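There are 2 protein chains.
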Amino acid sequence: MLKEERHRAILNEVELHNRVLLTDLAEKLDVSIDTVRRDVKELDAENMLTKVHGGAVSLGFVNQSPVRSNVYALDKKVNIAKKALALLRNNSVILIDGGTTCLELARLLPTNIKLTCFTLSLPVAMELLAKPNVETIFIGGTLSRDSQIAVGSSTINALTQIKVDYSFIGTGYVDTEFGLTEFDWEVVQTKKAVINASKKTVLLCISEKLNSQHRFKTCDLNVISTMVTELEAWDKKLDAFKNMNIQLL
Amino acid sequence: MLKEERHRAILNEVELHNRVLLTDLAEKLDVSIDTVRRDVKELDAENMLTKVHGGAVSLGFVNQSPVRSNVYALDKKVNIAKKALALLRNNSVILIDGGTTCLELARLLPTNIKLTCFTLSLPVAMELLAKPNVETIFIGGTLSRDSQIAVGSSTINALTQIKVDYSFIGTGYVDTEFGLTEFDWEVVQTKKAVINASKKTVLLCISEKLNSQHRFKTCDLNVISTMVTELEAWDKKLDAFKNMNIQLL
DNA sequence: GAATATTTTGCCGTTATTTGCAGTATTTTT
DNA sequence: AAAAATACTGCAAATAACGGCAAAATATTC
Chain A
1 MLKEERHRAI LNEVELHNRV LLTDLAEKLD VSIDTVRRDV KELDAENMLT KVHGGAVSLG
61 FVNQSPVRSN VYALDKKVNI AKKALALLRN NSVILIDGGT TCLELARLLP TNIKLTCFTL
121 SLPVAMELLA KPNVETIFIG GTLSRDSQIA VGSSTINALT QIKVDYSFIG TGYVDTEFGL
181 TEFDWEVVQT KKAVINASKK TVLLCISEKL NSQHRFKTCD LNVISTMVTE LEAWDKKLDA
241 FKNMNIQLL
Chain B
1 MLKEERHRAI LNEVELHNRV LLTDLAEKLD VSIDTVRRDV KELDAENMLT KVHGGAVSLG
61 FVNQSPVRSN VYALDKKVNI AKKALALLRN NSVILIDGGT TCLELARLLP TNIKLTCFTL
121 SLPVAMELLA KPNVETIFIG GTLSRDSQIA VGSSTINALT QIKVDYSFIG TGYVDTEFGL
181 TEFDWEVVQT KKAVINASKK TVLLCISEKL NSQHRFKTCD LNVISTMVTE LEAWDKKLDA
241 FKNMNIQLL
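For the protein sequence lines, the chains are A and B, in the order given.
Per UniProt numbering: the first sequence = residues 1 to 249.
Per UniProt numbering: the second sequence = residues 1 to 249.
Honestly, the hints are just simulated from the structure, not real lab data.
The structure presented is a predicted model; accordingly, all values stated were derived computationally and were not measured.
Certain hints may be false.
All copies of an identical chain are treated as equivalent in the list; a pair is satisfied when it fits inside any one copy or across any two copies.
[Said to hold, decoys possible] Here are the computed lysine-lysine pairs in the DSS-like style, where the Cα-Cα straight-line distance is at most 27 angstroms:
hint, residue 1, residue 2
1, K131, K51
2, K200, K28
3, K41, K3
4, K209, K41
5, K3, K82
6, K200, K83
7, K192, K236
8, K114, K163
9, K51, K41
10, K131, K237
11, K237, K114
12, K131, K236
13, K3, K237
14, K28, K3
15, K114, K236
16, K51, K3
17, K209, K28
18, K28, K51
19, K83, K199
20, K237, K28
21, K192, K51
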């Protein structure tokens, strides 16, 4: 059998089943493991497939982070996410909420520590799948079209079953007096459940949202352990939050 | 034998089988290996075929599609998805599995009828969110990096709570004797639960997967209500499936 | 048609490639 | 941290490619 024939056959198999084992290929093609390994290595070098430990996967199948569309105040959000990373430890169990700031956090998660990560957010879950060191658990439920997170009773119920070290949440609006508020009733109910499922709750929030309110209340500020903004610690806008027993990053 | 004759014969052979061994040619044409080697070298220089170690292959055999489309056999999968749409009714409650064929189904869902749609697949869920007429419920769980679907005990448990009209599932391998089989044990367990949660199960499967097996068994063919392939109903490849009480589309 | 030039072919020794094996290193899993 | 699975390295045998050479076949010239 010609090498080119084998290459063809391997590509076919990979495209058809998305993933193949070297051992299976070797048996199917009736050559040694070493030969298919070399073949796969070559095909990988030619960018015809992606070699993985023990086998190969098709190109379209590798989890590449989706390109980031235009995000408002992206640099601030990246700044916030980077600060929040300081809270993570090896083997931490965390939960990441939806929203663009939390999505940045997911993107920036380090790859050198093991993490177990719950999420309700579809985009966040996609990001997390691209991280080999993160075990990702999606809390299911009815999907809210505009926030792209799972909400509803089954979500809330599932949340009662877990307790994570940190949950990283966003919010629509924050106010020293009214606490965290939202536009959407279902989302509020879900966030309440998230907070209950967390030992500590970390609020990621750009400064523009400070001192604004909306109609449904998620929680008071005193249930928040840490608030992360893009502002420096001495910024005047944070003065009102300083005497509330909240860690400010 | 004239050189011209040999050249023609060699090209014929290559066109016919896409590949030839020099040793075979030498024997068939009753000349020495060196002669056919020289012949093939000339034909390669004339761009009539591609010379490779040990033989020759037809043009385009190597690197057939440098810029390959993201999805293998996309047209066939679209064809399958379109056929499957015929099963849907207004207010149907369905479940869509992961995999590229099922993803096409999600993409092609009509917008003129109301649907309630469960899914375990992240990409499918993203597609469904784009459909205003579809209520989407994600069955949560541990996310499998390879298949981008939720698997594990919590997923299986959640599936015991529902009963959908139709589930549309894919499979890695199908065989008349061994039924549906997969590469991944976790995925198999989850698919079993999906089938149990369905009044009727519809298998979406491109014909290349027919008559192939792998190590873990999802179910026998007789639990499948409908099988959708890209083939026409009278195709010989489907003969083996015809006397199994399965609706073929 | 014979002598000569040209091309083609087969053979041989050398070099290069491919392949499987065995031992070792690395990664993954338990 | 140990055990299992997978990857890598070097090596040797088998096979294939290449270059030179001479015999054979073919073409050319007289």
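Quick rundown of the hints versus the structure:
Within a single copy, K131 and K51 get their C-alpha atoms as close as 17 angstroms, which meets the 27 angstroms cut-off; across copies the closest is 35 angstroms, which misses it. For the homomeric pair K200 and K28, neither the shortest alpha-carbon distance inside one copy (53 angstroms) nor that between copies (34 angstroms) is at most 27 angstroms. Within a single copy, K41 and K3 get their C-alpha atoms as close as 13 angstroms, and across copies as close as 18 angstroms, so both meet the 27 angstroms cut-off. In this assembly of identical chains, K209 and K41 lie within 27 angstroms of each other by CA distance solely across copies; the values are 25 angstroms between and 38 angstroms within a copy.
For the identical chains of this complex, K3 and K82 are neighbours neither inside a copy (48 angstroms) nor across copies (38 angstroms), given an alpha-carbon limit of 27 angstroms. Within a single copy, K200 and K83 get their C-alpha atoms as close as 16 angstroms, which meets the 27 angstroms cut-off; across copies the closest is 50 angstroms, which misses it. In this assembly of identical chains, K192 and K236 lie within 27 angstroms of each other by CA distance neither inside one copy nor across copies; the values are 29 angstroms within and 58 angstroms between. Taking identical chains as interchangeable, the C-alpha atoms of K114 and K163 lie at most 27 angstroms apart only when both belong to the same chain, with a minimum of 18 angstroms there against 37 angstroms between chains.
Within a single copy, K51 and K41 get their C-alpha atoms as close as 7 angstroms, and across copies as close as 21 angstroms, so both meet the 27 angstroms cut-off. In the homo-oligomer, the alpha carbons of K131 and K237 never lie at most 27 angstroms apart, since the shortest distance is 36 angstroms inside one protomer and 41 angstroms across protomers. Taking the shortest alpha-carbon separations for K237 and K114, neither the intra-copy value of 36 angstroms nor the inter-copy value of 48 angstroms comes in at or below 27 angstroms. Taking identical chains as interchangeable, the C-alpha atoms of K131 and K236 are never at most 27 angstroms apart, the minima being 38 angstroms within one chain and 45 angstroms between chains.
Taking CA atoms no more than 27 angstroms apart as the test, K3 paired with K237 passes in neither setting, with 42 angstroms inside one copy and 29 angstroms between copies. For the homomeric pair K28 and K3, the shortest alpha-carbon distances inside one copy (14 angstroms) and between copies (22 angstroms) are both at most 27 angstroms. In this assembly of identical chains, K114 and K236 lie within 27 angstroms of each other by CA distance neither inside one copy nor across copies; the values are 37 angstroms within and 52 angstroms between. In the homo-oligomer, the alpha carbons of K51 and K3 lie at most 27 angstroms apart both inside one protomer (18 angstroms) and across protomers (12 angstroms), since each shortest distance falls under that limit.
Taking identical chains as interchangeable, the C-alpha atoms of K209 and K28 lie at most 27 angstroms apart only when they sit on different chains, with a minimum of 15 angstroms there against 35 angstroms within one chain. In this assembly of identical chains, the alpha carbons of K28 and K51 lie at most 27 angstroms apart whether taken from the same copy (18 angstroms) or from different copies (25 angstroms). Proximity of K83 to K199 under the C-alpha cut-off of 27 angstroms is restricted to the intra-copy arrangement: shortest distance 19 angstroms within a copy versus 50 angstroms between copies. Within a single copy, K237 and K28 get their C-alpha atoms only as close as 34 angstroms, which misses the 27 angstroms cut-off; across copies the closest is 21 angstroms, which meets it.
Proximity of K192 and K51 under a CA criterion of 27 angstroms is satisfied in neither setting, with 43 angstroms inside one chain copy and 30 angstroms between copies.
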